[in-house]
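A.B. asks: Sequence:
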Amino acid sequence: MTLLNRFIPLVVAVLMSACINVPEVGDPLPNPEVPDGGTKPDGGVPADSTPPTLTATVPTHGSTNVTTSPQFQFTFSEPMNVGTVQVSIAPMVALSTGVWTSNNTQLTLQPLAALAQNTTYMLSVDGKDVAGNALTDRKQFSFETTGPAPDTTPPTILAISPSYGAIGVAQSATFTVTFSEPMDKASAQTAFAITSPSGFNAGVFTWSAEGTVMTFNPDTDFPYGTTVGWQVSMAAKDLAGNTLESATAASFRAIRVNTVTIDFDPYTSGSALAPDYARTSALYNLENVGDNTQNREVRLFIGFKLDVLPENLARIADCRLKWFTSSQQGSPFSSLGRLLLERVFIGESIAFSTTDTTNPSSKGQYESAALGSPIIVLNSAIPATLTSEVTSLVALDWLERTNRNSKRSQFRLRFEVPSNNDGLRDTIVSDVEQTPKLAELLITYEYP
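Residues 1 to 448 (the UniProt record's numbering) make up the sequence shown, in order.
Simulated from the structure, these hints should not be mistaken for lab results.
Keep in mind it's a predicted model, so treat the numbers as computed, not measured.
Careful, some of the hints might be misleading.
Unchecked claim - The list that follows gives simulated cross-link-like pairs (lysine to any residue, SDA-like), each with its CA atoms no further than 20 Å apart:
| hint | residue 1 | residue 2 |
| --- | --- | --- |
| 1 | Lys322 | Ser392 |
| 2 | Lys305 | Arg320 |
| 3 | Lys363 | Arg343 |
| 4 | Lys407 | Thr391 |
| 5 | Lys128 | Leu109 |
| 6 | Lys185 | Val204 |
| 7 | Lys128 | Asp48 |
| 8 | Lys139 | Ser124 |
| 9 | Lys322 | Glu342 |
| 10 | Lys305 | Ser388 |
| 11 | Lys185 | Gly241 |
| 12 | Lys407 | Leu442 |
| 13 | Lys185 | Phe205 |
| 14 | Lys437 | Glu389 |
| 15 | Lys237 | Ala247 |
| 16 | Lys128 | Gln73 |
| 17 | Lys237 | Thr176 |
| 18 | Lys305 | Glu342 |
| 19 | Lys407 | Tyr267 |
| 20 | Lys305 | Ser406 |
| 21 | Lys322 | Glu440 |
| 22 | Lys185 | Ile157 |
| 23 | Lys128 | Thr105 |
| 24 | Lys437 | Ser388 |
| 25 | Lys185 | Thr174 |
| 26 | Lys437 | Leu386 |
| 27 | Lys305 | Glu446 |
| 28 | Lys128 | Pro46 |
| 29 | Lys128 | Val99 |
| 30 | Lys363 | Ala278 |
| 31 | Lys363 | Val344 |
| 32 | Lys407 | Leu313 |
| 33 | Lys437 | Arg320 |
| 34 | Lys139 | Glu78 |
| 35 | Lys237 | Ser187 |
| 36 | Lys128 | Ile89 |
| 37 | Lys237 | Asp184 |
| 38 | Lys185 | Thr206 |
| 39 | Lys139 | Thr120 |
| 40 | Lys437 | Asp263 |
Starting from the given sequences, assemble the full structure and let the hints guide the process.
C.D. replies: What follows is the structure, given as structure tokens:
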């Protein structure tokens, strides 16, 4: 292109610019907004400084009758930093790992064991949102679990022992009270008292495993025939603190005691000797036990009728057989061994027999088997009253009275060795002229 052609456009441009109006110079435009270096990002979006809150809880604060196996649920006002959220409960119970839902705004968890009934629990929650703001407002709330309705029913006494008005109660009686429900043991024991006679309230209390049966065993036995009064006052309480519906008082009479002396029965008492077993009279005259000059064994029977004892006796407490001896011939204890007292039963009388004709019944009585082990009569200087304790033997006879159709106790005395065959008399003698009574039985018995 020629130089002229390049120059012409430039001239035209200069001429045109010279014709545009130039505006007047005025105030400059305002500066654009300066970025905030403080609470706002450079991009202009505000930072999160609002603390999160709990907007809902299950159970709600102050709830009652909450199940003992609840599910706890917490709803937050915004997403939470799940690693910072902590939940605790008092009284302390282990809790499951929480489950987060709804964009980390809802937490669900539950106790690993059943909660106690009728108990107030306190839940505490803490944590931060994703911006690091801590939870504010209410962070604790309480609830009460369900359970049985409060016990307002007063306890009652279902049974007592000894029963009211009982008679013939053992001297070592224990007291038993059966309540309608488990009791506060301390209050029930305080409510119990033996009101008469005085001096018997020391003792030991025991209870059933259920706590419904209280037993008291006094340290001291009651005297025979004593009327005992006792009570349980309304101070006795159940485990809920309800007092006894009504007081109970009762009395009983302790067993009574009596002692009787029973003389020997002549029809079942007397001596007989082998081998003819001769006896011709029921009259007590001269009785002996040992051997004679013909080396014949002599045995002595002593019988008693127990008709004087009352049918309702509770127990034969003590029994002593007293045998009254007059003299001794020879040395029976050293020559014939031990003297044995045996319990026997020969019926209503000793069968008579003569030296000429042996009565089989006499022989049967003489040789009848002893009923149990013998009692050893101790060697004593004769004359003497030989006393033997025969309580258990007489008690057995009393128990067998119905089967026998006879109220009797009978004994047989004999030496271990029938005879030492020395032709000498070795005997213990009871002579009516010196000892008018052959024997007697002293019985102490208890009755209602």
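A.B. asks: It remains to establish, for every hint, whether it holds in the given structure.
C.D. replies: Results of checking the hints against the structure:
no.: 1; hint: Lys322 x Ser392; result: holds (16 Å)
no.: 2; hint: Lys305 x Arg320; result: holds (15 Å)
no.: 3; hint: Lys363 x Arg343; result: holds (17 Å)
no.: 4; hint: Lys407 x Thr391; result: holds (15 Å)
no.: 5; hint: Lys128 x Leu109; result: holds (18 Å)
no.: 6; hint: Lys185 x Val204; result: holds (13 Å)
no.: 7; hint: Lys128 x Asp48; result: holds (12 Å)
no.: 8; hint: Lys139 x Ser124; result: holds (6 Å)
no.: 9; hint: Lys322 x Glu342; result: holds (14 Å)
no.: 10; hint: Lys305 x Ser388; result: holds (18 Å)
no.: 11; hint: Lys185 x Gly241; result: holds (11 Å)
no.: 12; hint: Lys407 x Leu442; result: holds (16 Å)
no.: 13; hint: Lys185 x Phe205; result: holds (9 Å)
no.: 14; hint: Lys437 x Glu389; result: holds (19 Å)
no.: 15; hint: Lys237 x Ala247; result: holds (12 Å)
no.: 16; hint: Lys128 x Gln73; result: holds (17 Å)
no.: 17; hint: Lys237 x Thr176; result: holds (17 Å)
no.: 18; hint: Lys305 x Glu342; result: holds (17 Å)
no.: 19; hint: Lys407 x Tyr267; result: holds (14 Å)
no.: 20; hint: Lys305 x Ser406; result: holds (9 Å)
no.: 21; hint: Lys322 x Glu440; result: holds (5 Å)
no.: 22; hint: Lys185 x Ile157; result: holds (14 Å)
no.: 23; hint: Lys128 x Thr105; result: holds (11 Å)
no.: 24; hint: Lys437 x Ser388; result: holds (16 Å)
no.: 25; hint: Lys185 x Thr174; result: holds (17 Å)
no.: 26; hint: Lys437 x Leu386; result: holds (13 Å)
no.: 27; hint: Lys305 x Glu446; result: holds (18 Å)
no.: 28; hint: Lys128 x Pro46; result: holds (19 Å)
no.: 29; hint: Lys128 x Val99; result: holds (17 Å)
no.: 30; hint: Lys363 x Ala278; result: holds (9 Å)
no.: 31; hint: Lys363 x Val344; result: holds (14 Å)
no.: 32; hint: Lys407 x Leu313; result: holds (13 Å)
no.: 33; hint: Lys437 x Arg320; result: holds (15 Å)
no.: 34; hint: Lys139 x Glu78; result: holds (15 Å)
no.: 35; hint: Lys237 x Ser187; result: holds (6 Å)
no.: 36; hint: Lys128 x Ile89; result: holds (19 Å)
no.: 37; hint: Lys237 x Asp184; result: holds (6 Å)
no.: 38; hint: Lys185 x Thr206; result: holds (10 Å)
no.: 39; hint: Lys139 x Thr120; result: holds (17 Å)
no.: 40; hint: Lys437 x Asp263; result: holds (8 Å)
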